[in-house]
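**Student:** As a plain string of letters, each chain reads:
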Amino acid sequence: MMKVSNNPMSQPFDSLHLFDMLPLSVAVVDREWQVVAANRAFEETFGYWKGRACHEAFKSKPARCRNCEAKAVFEDGRIRVGDHQGLDRFGRVCDYSVHFAPIRDESGSITHVLEIASDMTETRRWKAEYDRLFENVPCTISILDRDLRVIRANSTLEKTYGQAIGLPCYRVYKGLATPCENCPAMQTFRDGLEHLSRQSGRTPEGSETHYVVSTSPYRWDADGVDQVIEISTDITQLHLLETELQETHDLYSSLIRNARDGILAVDRRGDVRILNDAARSLIGWDRSEPPDATTLRMMLPSDFFLPEGKMDVVPDREFTIPTQEDDGIGEIPVLFRAVELTGEQHSLGRAAFLQDLSDLRRLEKEKLENERLAAVGQTVAGLAHTIKNLLMGLEGGMYMVDTGLSRGDGERLTQGWDMLQRNFEKTAGMVRDFLSFAKGRVPKLALIDPLQLIRDVVALYRDTAKRLGVTLTVEEGKSLFDALLDRDGIEACLTNLISNAIDAVTLQDRATGTVTVRAYDLGSELIFEVEDDGIGMESEVARQVFTTFFTTKGGKGTGLGLLTTRKIVQEHGGTIELESEPQKGSVFRIHLPRSRLEAIAAEQAVRDSKAETYSSGGKQR
Amino acid sequence: MNDTTQKRILVVDDEEDVRLYLTLALEDAGFQVETACDGQEALEKMTANPVDLVSLDLVMPRRSGAAFYRDLQKSAEWRHIPVLIVTGHARDDQGQADFEELTMSGPGIYLEKPVRPDNYVAAVRKLLGIEAAGEAEKGNVAELRRQLEERLKDADSEALKRALDVLKRQ
Numbered sequence: 003m004m005k006v007s008n009n010p011m012s013q014p015f016d017s018l019h020l021f022d023m024l025p026l027s028v029a030v031v032d033r034e035w036q037v038v039a040a041n042r043a044f045e046e047t048f049g050y051w052k053g054r055a056c057h058e059a060f061k062s063k064p065a066r067c068r069n070c071e072a073k074a075v076f077e078d079g080r081i082r083v084g085d086h087q088g089l090d091r092f093g094r095v096c097d098y099s100v101h102f103a104p105i106r107d108e109s110g111s112i113t114h115v116l117e118i119a120s121d122m123t124e125t126r127r128w129k130a131e132y133d134r135l136f137e138n139v140p141c142t143i144s145i146l147d148r149d150l151r152v153i154r155a156n157s158t159l160e161k162t163y164g165q166a167i168g169l170p171c172y173r174v175y176k177g178l179a180t181p182c183e184n185c186p187a188m189q190t191f192r193d194g195l196e197h198l199s200r201q202s203g204r205t206p207e208g209s210e211t212h213y214v215v216s217t218s219p220y221r222w223d224a225d226g227v228d229q230v231i232e233i234s235t236d237i238t239q240l241h242l243l244e245t246e247l248q249e250t251h252d253l254y255s256s257l258i259r260n261a262r263d264g265i266l267a268v269d270r271r272g273d274v275r276i277l278n279d280a281a282r283s284l285i286g287w288d289r290s291e292p293p294d295a296t297t298l299r300m301m302l303p304s305d306f307f308l309p310e311g312k313m314d315v316v317p318d319r320e321f322t323i324p325t326q327e328d329d330g331i332g333e334i335p336v337l338f339r340a341v342e343l344t345g346e347q348h349s350l351g352r353a354a355f356l357q358d359l360s361d362l363r364r365l366e367k368e369k370l371e372n373e374r375l376a377a378v379g380q381t382v383a384g385l386a387h388t389i390k391n392l393l394m395g396l397e398g399g400m401y402m403v404d405t406g407l408s409r410g411d412g413e414r415l416t417q418g419w420d421m422l423q424r425n426f427e428k429t430a431g432m433v434r435d436f437l438s439f440a441k442g443r444v445p446k447l448a449l450i451d452p453l454q455l456i457r458d459v460v461a462l463y464r465d466t467a468k469r470l471g472v473t474l475t476v477e478e479g480k481s482l483f484d485a486l487l488d489r490d491g492i493e494a495c496l497t498n499l500i501s502n503a504i505d506a507v508t509l510q511d512r513a514t515g516t517v518t519v520r521a522y523d524l525g526s527e528l529i530f531e532v533e534d535d536g537i538g539m540e541s542e543v544a545r546q547v548f549t550t551f552f553t554t555k556g557g558k559g560t561g562l563g564l565l566t567t568r569k570i571v572q573e574h575g576g577t578i579e580l581e582s583e584p585q586k587g588s589v590f591r592i593h594l595p596r597s598r599l600e601a602i603a604a605e606q607a608v609r610d611s612k613a614e615t616y617s618s619g620g621k622q623r
Numbered sequence: 530m531n532d533t534t535q536k537r538i539l540v541v542d543d544e545e546d547v548r549l550y551l552t553l554a555l556e557d558a559g560f561q562v563e564t565a566c567d568g569q570e571a572l573e574k575m576t577a578n579p580v581d582l583v584s585l586d587l588v589m590p591r592r593s594g595a596a597f598y599r600d601l602q603k604s605a606e607w608r609h610i611p612v613l614i615v616t617g618h619a620r621d622d623q624g625q626a627d628f629e630e631l632t633m634s635g636p637g638i639y640l641e642k643p644v645r646p647d648n649y650v651a652a653v654r655k656l657l658g659i660e661a662a663g664e665a666e667k668g669n670v671a672e673l674r675r676q677l678e679e680r681l682k683d684a685d686s687e688a689l690k691r692a693l694d695v696l697k698r699q
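From first to last, the protein sequence lines stand for chains A and B. With the numbering used here applied, the first sequence covers 3 to 623. With the numbering used here applied, the second sequence covers 530 to 699.
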C-alpha cells in the first residue's frame, strides 16, 4: 500500500485540486443547464465551458437534448448512466459514457447535477474491431462451457453449421448425439493446455467438411478451466486435393505395377524408387528391398548410368539377361530403353523400360519359317508350269515326227526330231538348274561391305555391257556398315538381276540404255537396287516374275533366275520387289532387314555349335 | 469341208517350238495360219489383216496375252473374234486371276499345256462353229471309203460291172 506521507504530493489535500487531477471529464450543471464548474480534463477535452450550457459545452448543440438525463435527475434525484456522442474541442466526434448524479444542499434539495464523462471512443473502436475480427475471420470460432455447449459462436460458424448457441459442439459440427472420441475440448478442460486435431464434420445440408481444430482455455474459475475457445480452420479443399493426389498416385502405381513391360526408376541419387513385378521377374530379383546401385550396375546396360543430360540420345538397344532354367542356362532377349525423367526445374531421376522379346522372337522365327514354306509351295507350282511347257515341246516334236513319217515328209521329220532333241536338252538343263536350286543351301553369313560386293559383280559385266551399248554404273552413296550376307548367294542374285537388266535394255527399240546398281540403308533395312530403262513389263507379267519358272526370253532361259534370286533373298529373311512400266524400264529392289540377318546369323551359330558338339561327341566314341 | 481352208488363225506364243507345232497342226487340218511371238506383234498382225480366231498364250514378254485380249475386247470390230487360251498357267496362283477373267467373262474355252494336236484342232473347230459334225463326217467318210475299198478288192468283177451299169443309168 502506498504511503500517503511519502507521496511527493503529500500536501494538505485540496478537493478542488483533486477534482482537477481526475482523468475523467467532470462538470457541474445548475438548474438553468449552465455549466458552473468543470475540471481540467473537461476543459482539455471539450474546451472552454464558462457561460455555456451543458448541451453547448458537450455537443455544441444550441438546444437541450431531447431525453435530457440531467433534467430527469433534477426531477427524481436518482443516479443515471448513459452513452452519448458529442464533439470535442477540435470538432471531432467522440463517444463517452456519462454518469449523472445529484448535488444536494443542506436542505436536501437538488441544486446541481454532477456529470462525469468517461471517453469511450477508443474502447468502442476496439470493440468494433474485435467484433469484426471475431465474426469475420475465415475460421469458425465457438466458446464452449463444461457441458461442451456452445455459448458463443461467430457468424462463420453459423453460416456453415447453422444455429449453434445452446447446442453441444458435437451436434453442431457433426450432427452426433454423443461427444466424439478423443474430444480435444475435453482434453483442454482437463489439462488446461492447447490441443490441435484434424476432424471431419457434416453441415446441416449433409456435405462433408474437413477442418483443423485448436482448443485452448478461455476462462478459468476456482475449479480450473471454465470455458474453452475452439477455433477451426476449414481444409475441405485441401483435403479434396490430397484425395485427388492420392488417387492419381494410386492410379500410376497400379499402372506401373500391372504393366507387362518391366519398369525400373531411380531418383537423382540413384536409389531405386520404382521396380514393378515384370521388372523383378525379368532381372530375377525376388528380395523385398530393391537392388542397390552397385547391383544395378551389374544388371543393366551402362547407358542407364550416363551423366545427367546425356540420356536423351541413347537409342533403344537389345541385351540379354541370363536365366537359370530347370533344363540349363538360357537367356532372355530384352529391349532396353532408358529415359531421363525431367521435372519442371531439374531431372527427377531416370527410368528403364525392359521389354521381354522372347515371344516376339519366337513369332518372328515362325513367320520366317512360314515364308520359307510358302516359297517351297510356289516353287512347286512353278516347277509344274515348266514341266508343262517342256511337255508341250515334246508333244509338238512327236506330232511332227509322226506326221512326217506317215506322209513321208522328210523335212518335217527332221524338224520334229530337232524339236524333240531341243526339248530333251531343255529338260536336262532344267533338271540340272533345279537340282542346284533345290539343294537347299543354307546361307553362310559373314560381315561384308555391300558396296564392294556390287562393284565386284558389276566388274564382271562391264565388257558385255559395253559391247551391247549399255551404260552400266554403280551409284555410290555414302558408305555403308558391313552387313551379314552370304557372299555367293547375293552375288548370284545381283548377277541375275544385272544380266536381266542388260537384256531388257537390248530388247527395246532404242540402240542404247542404262543399267544402274546401288546399295543403301533405308531405316533398318539394307537395300540393293538394279534399275534399267529397258522394255519394262506390264503388271500381269511383273506379278509373276518371281514365282514361276518364267522367261521373257523366248526359249533361251530356263526361267529359274528370278526364282533362284527370290529364294536366296528369302533365305536372308528379306523380300524382293519390282517396279516396272512398259517401255520405261524396271527397278528390282531387294530388302534385307538387318535385324533378321542378325537373327539368321545367330541361328547359324547355334547350328554350328550343335554340329561341333555332335562331331566332337562322335570322336570320343 | 472347204470351211477350214477359208479360216485364218493367229497363233500367239513366245515359244518358237510351240508356234511351229500349233501352226503345223492347224495347217494339217486345212487352216491358214499367222503367228506372233507376243501381244505386241499379235496386235500388229491383227491391224494389218484380221483373222477368224486367235490361239493365245497368256504370259509373254512385251505385251501379255491378257493385255492383248483386252485390246480385242475394246474394239467393236474384233470383240466377236473367238479366242482360244492355250496356257500352262491355268491353275497356279499367278495365272488364276487372268485365267478367271478370260474364261468367265471371255471366250469360255481354254486348253492347258501340253495339248494334243487332235484336241487342239477340235477346240478350234468348235469355237468356229464347224466342230464335231464336220469332224465326225470327215471321219465317217474316210471310214466308209476304207471299207468300200476293202470290199472292192474282194468283189466279184461281174457283179461290180452290173452295179456300175445301174449307177450310170440313173
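Worth flagging that the hints you see were computed from the coordinates, not collected in a lab. In this text, all values refer to a predicted model and were calculated from it rather than measured experimentally. Hints are supplied without guarantee of correctness; some may be wrong.
Said to hold, decoys possible - Simulated crosslink set (BS3-like; lysine-lysine; CA at most 30 angstroms straight-line): (1) B:K690 with B:K574; (2) B:K574 with A:K586; (3) B:K690 with A:K390; (4) A:K446 with A:K468; (5) B:K536 with A:K161; (6) B:K690 with B:K536; (7) A:K480 with A:K468; (8) A:K586 with B:K536; (9) A:K176 with A:K161; (10) B:K536 with B:K574; (11) A:K367 with A:K446; (12) A:K129 with A:K161; (13) A:K161 with A:K61; (14) A:K73 with A:K63; (15) B:K655 with A:K390.
**Student:** If a hint holds in the structure, say so; if it does not, say that too.
**Tutor:** Taking the hints in turn, this is what the structure says about them:
About 56 angstroms separates the Cα atoms of B:K690 and B:K574, which puts this hinted pair outside 30 angstroms; it is violated. Taking the CA atoms of B:K574 and A:K586, the gap is about 24 angstroms. The hint holds against a cut of 30 angstroms. A C-alpha spacing of about 57 angstroms is found between B:K690 and A:K390, which places the hinted pair above 30 angstroms, so the restraint is violated. Between A:K446 and A:K468 the CA atoms are separated by roughly 33 angstroms; this puts the pair beyond 30 angstroms, and the hint is violated.
Proximity of B:K536 to A:K161 is assessed by CA-CA distance (about 113 angstroms); at most 30 angstroms being required, the pair is judged violated. Note on B:K690 and B:K536: the hinted pairing is violated, with a Cα-Cα distance of about 42 angstroms set against a maximum of 30 angstroms. With a CA separation close to 27 angstroms, the supplied pair A:K480 and A:K468 stays within the 30 angstroms bound. Between A:K586 and B:K536 the CA atoms are separated by roughly 38 angstroms; this puts the pair beyond 30 angstroms, and the hint is violated.
For the given pair, A:K176 sits about 15 angstroms from A:K161 by alpha-carbon distance, which is consistent with the 30 angstroms threshold. Restraint check for B:K536 and B:K574: satisfied, since their Cα atoms lie roughly 15 angstroms apart, inside the 30 angstroms limit. Using a Cα cut-off of 30 angstroms, the hinted pair A:K367 and A:K446 holds, with the two alpha carbons roughly 18 angstroms apart. Proposed proximity of A:K129 and A:K161 is supported: the alpha carbons are some 22 angstroms apart, at most 30 angstroms.
Pair hint A:K161 plus A:K61 does not hold up; C-alpha atoms about 41 angstroms apart against a cutoff of 30 angstroms. Restraint check for A:K73 and A:K63: the C-alpha separation of about 16 angstroms stays at or below 30 angstroms, so the hint holds. Proposed proximity of B:K655 and A:K390 is supported: the alpha carbons are some 24 angstroms apart, at most 30 angstroms.
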